[in-house]
Amino acid sequence: MSNTNPSASTPSGSAAEANARVIDGTRLVRDRRLNNVKKNWSLFRSDIAAMLGAIVLVFFILIAIFAPLIAPASMLDVTQQLDVPRYAPPSLAHPLGTDDLGRELWVRILWGARVSILVGVAATVMSMVIGTVMGLAAGHFSGLFGAVVMRIIDFFIVLPSLLLAIVLSSVLERGVFTIVVAIGLTSWASTARIVRSQTLSVESRLYIERARILGAGHRHILFKHMLPAVMPLVLANTTLTVGSAIIAESTLSFLGLGDTSKESWGTILKNSMDISAATSGYWWYVLTPGIAIVLVVLAFTMVGRALEAIINPALRNR
Amino acid sequence: MTTPTHDLPTPSGEPDPGSTGSSGGRADHDMDEPPKGGSFLGYLLRKLGGALTSMILVVVLGFFAFRMLPGDPVLKIAKERPMSPAQIAELRSQYGLDKPVIVQFWDYLVGIFTGELGESYVYRKPVSELIVDYLGPTLLLTATAAVLAIGLGLWLGQLSAWRRNSLFDKVASSTSLVFWSVPTFWLGLILLMIFGGTLQWLPTGGMITPGLDPWSPAGIIDVIKHLILPVITMVAVVYAQYLMVMRASLIEEMSEDYLTTARAKGLTEDEVRKKHAVPNALLPTITVVFMHIGGLITGAVTVEAVFSWPGLGKLTFEAISGPDLPLLQGTFVVFSAIIIVMNLAADIVYRFLDPRVRRA
Numbered sequence: 001m002s003n004t005n006p007s008a009s010t011p012s013g014s015a016a017e018a019n020a021r022v023i024d025g026t027r028l029v030r031d032r033r034l035n036n037v038k039k040n041w042s043l044f045r046s047d048i049a050a051m052l053g054a055i056v057l058v059f060f061i062l063i064a065i066f067a068p069l070i071a072p073a074s075m076l077d078v079t080q081q082l083d084v085p086r087y088a089p090p091s092l093a094h095p096l097g098t099d100d101l102g103r104e105l106w107v108r109i110l111w112g113a114r115v116s117i118l119v120g121v122a123a124t125v126m127s128m129v130i131g132t133v134m135g136l137a138a139g140h141f142s143g144l145f146g147a148v149v150m151r152i153i154d155f156f157i158v159l160p161s162l163l164l165a166i167v168l169s170s171v172l173e174r175g176v177f178t179i180v181v182a183i184g185l186t187s188w189a190s191t192a193r194i195v196r197s198q199t200l201s202v203e204s205r206l207y208i209e210r211a212r213i214l215g216a217g218h219r220h221i222l223f224k225h226m227l228p229a230v231m232p233l234v235l236a237n238t239t240l241t242v243g244s245a246i247i248a249e250s251t252l253s254f255l256g257l258g259d260t261s262k263e264s265w266g267t268i269l270k271n272s273m274d275i276s277a278a279t280s281g282y283w284w285y286v287l288t289p290g291i292a293i294v295l296v297v298l299a300f301t302m303v304g305r306a307l308e309a310i311i312n313p314a315l316r317n318r
Numbered sequence: 001m002t003t004p005t006h007d008l009p010t011p012s013g014e015p016d017p018g019s020t021g022s023s024g025g026r027a028d029h030d031m032d033e034p035p036k037g038g039s040f041l042g043y044l045l046r047k048l049g050g051a052l053t054s055m056i057l058v059v060v061l062g063f064f065a066f067r068m069l070p071g072d073p074v075l076k077i078a079k080e081r082p083m084s085p086a087q088i089a090e091l092r093s094q095y096g097l098d099k100p101v102i103v104q105f106w107d108y109l110v111g112i113f114t115g116e117l118g119e120s121y122v123y124r125k126p127v128s129e130l131i132v133d134y135l136g137p138t139l140l141l142t143a144t145a146a147v148l149a150i151g152l153g154l155w156l157g158q159l160s161a162w163r164r165n166s167l168f169d170k171v172a173s174s175t176s177l178v179f180w181s182v183p184t185f186w187l188g189l190i191l192l193m194i195f196g197g198t199l200q201w202l203p204t205g206g207m208i209t210p211g212l213d214p215w216s217p218a219g220i221i222d223v224i225k226h227l228i229l230p231v232i233t234m235v236a237v238v239y240a241q242y243l244m245v246m247r248a249s250l251i252e253e254m255s256e257d258y259l260t261t262a263r264a265k266g267l268t269e270d271e272v273r274k275k276h277a278v279p280n281a282l283l284p285t286i287t288v289v290f291m292h293i294g295g296l297i298t299g300a301v302t303v304e305a306v307f308s309w310p311g312l313g314k315l316t317f318e319a320i321s322g323p324d325l326p327l328l329q330g331t332f333v334v335f336s337a338i339i340i341v342m343n344l345a346a347d348i349v350y351r352f353l354d355p356r357v358r359r360a
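Those sequence lines, one after another, are chains A and B. This note's numbering applies: residue 1 is where the first sequence begins, and numbers increase by one. This note's numbering applies: residue 1 is where the second sequence begins, and numbers increase by one.
Simulated from the structure, these hints should not be mistaken for lab results. Incorrect hints may have been included.
[As the list claims (entries may be wrong)] Each computed DSSO-like pair below joins lysine-lysine, with the alpha-carbon atoms no more than 30 Å apart:
1) B/170 / A/39
2) B/170 / A/38
3) B/265 / B/275
4) B/99 / B/170
5) B/170 / B/275
Make the full structure from the sequences, and use the hints.
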């Protein structure tokens, strides 16, 4: 299963190519993999919660991609909404109601999906990359270097990432990219921890010892053996982490650290709090953006749990 | 898969109960597991050293993050007001920003040890004074929420595990998953809307009705009324992960032989659970719970912002809106210090709780 992973074989040059050639030539292996995929897919399909989650995800990703086609950006332009009633409760004419500036909430939520999901995914990718590198380093290298890496991981585990993310995003220029960096740079510690324990357990296997005796260097062992061994775990963790990253984005935006020129679900909720919508009876302004967040996060969690359940037995069998 | 750790993300900074399912919430608290046979003193020194390193990193980060990164703080203050270059220069010298960085760093270090954290741009008061004023309410709020969340989470978690796959377990587990997917601040807004806005049962913000003496009986009841909504918000978001950890940890314990022995002795199921399984499952759980206290504390930032609870979280929120960098730096250092101390305490308590580790 390990060598099918494209990210695992790319970095390590000729050895990887040689390996890939052998595998390509072996039909048997290819068939077995295809079967594995089929088996995993049927496992996934039998999990109702995961399927529901996947459907919700596809729906939100589609509306995020096609937002400009469904509702042109001009519908968010305050100057074009002068004849639209403000604070209109949900009705046929205004399905999710309107906000304090006459903008349709459904349009804002539609556009907000773009930033919220994009930030969630981008920050997760960043956090996974850092977490994997740090975890591999802490697990593989002993001595001073390994110890220093461990201390850094420990530091990030002890300090809640929200606290660090607040500091980072308040000193950097406001913007979507800043939010991605703030979340990505501060949320990798748990991944590093998982990767490290996996690395430690793989490190003691005989085939690693064999590779070492045959003269494999750190680079070879890390990229050819360790990375493929930890990747399934990391990938399952990724889906779970996207959900948390979306919550983090909404929290930072809610605290006023987001990009106010771009719609995001957290920004809508921040606007609603600025006018005390919760205590003034504008319930639709508070309720719907939050429901969108909960649905998407829950969907990512469901899918992530199912992936984890599929991947874990595979890990045990190896 | 390991036990959840500080996954950034949730507003409370927490782990995914999602990942505890498959292989148990065993506290592998083993990131730097003490080498077997280390003495208690050695363990203590190592943990103390770790906490100290973290604290030094916080202090250094607190300084450089606010000075080295792009964005001149003085220009940020000046941005929204008309100011002459002379005024800007004066502001610069007033906050010591015209000195060389290394001198500023020294002043800052001396300041930290003498409890001098600079002056707030917005409040025009010493940051340390503000923090002392706002610390109490935060401790009241987080301690109440922590006690309730831990109690509720552990109790529901052990019931869930004991009746695994029953309706109760399914409802408890899925409820906690949903709560885990809810942003803390949004849940706060919804509760505020229902109980503060529509029903008007409870106050919508603050800690006490102005004019009441907090120590009079009427005052205490008033504070409790103000406390209810923020506490429910924090508990709802946090108890879920305690439930999942306790559940996973007890499930792992349930296959152990000593439970069969206990049953063979003729103990009832309830006795087996309460006297044998739960105490053993509690151990790893407590460690995890303590390790996550940091997440609970930062959860206070958004909750206090929503309910205008006059604590450090609200102070942080105001410092962000300012932006009031000295104040933000101060709350960052103090929050971090509280969390680091709590973690150190957890490590020491763990050592006393676990006889296996103690004897080693």
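Comparing the hints with the structure gives:
no.	hint	verdict
1	B/170 / A/39	26 Å, holds
2	B/170 / A/38	29 Å, holds
3	B/265 / B/275	13 Å, holds
4	B/99 / B/170	62 Å, violated
5	B/170 / B/275	25 Å, holds
Hint compliance for this structure: hint 4 is the single one not met.
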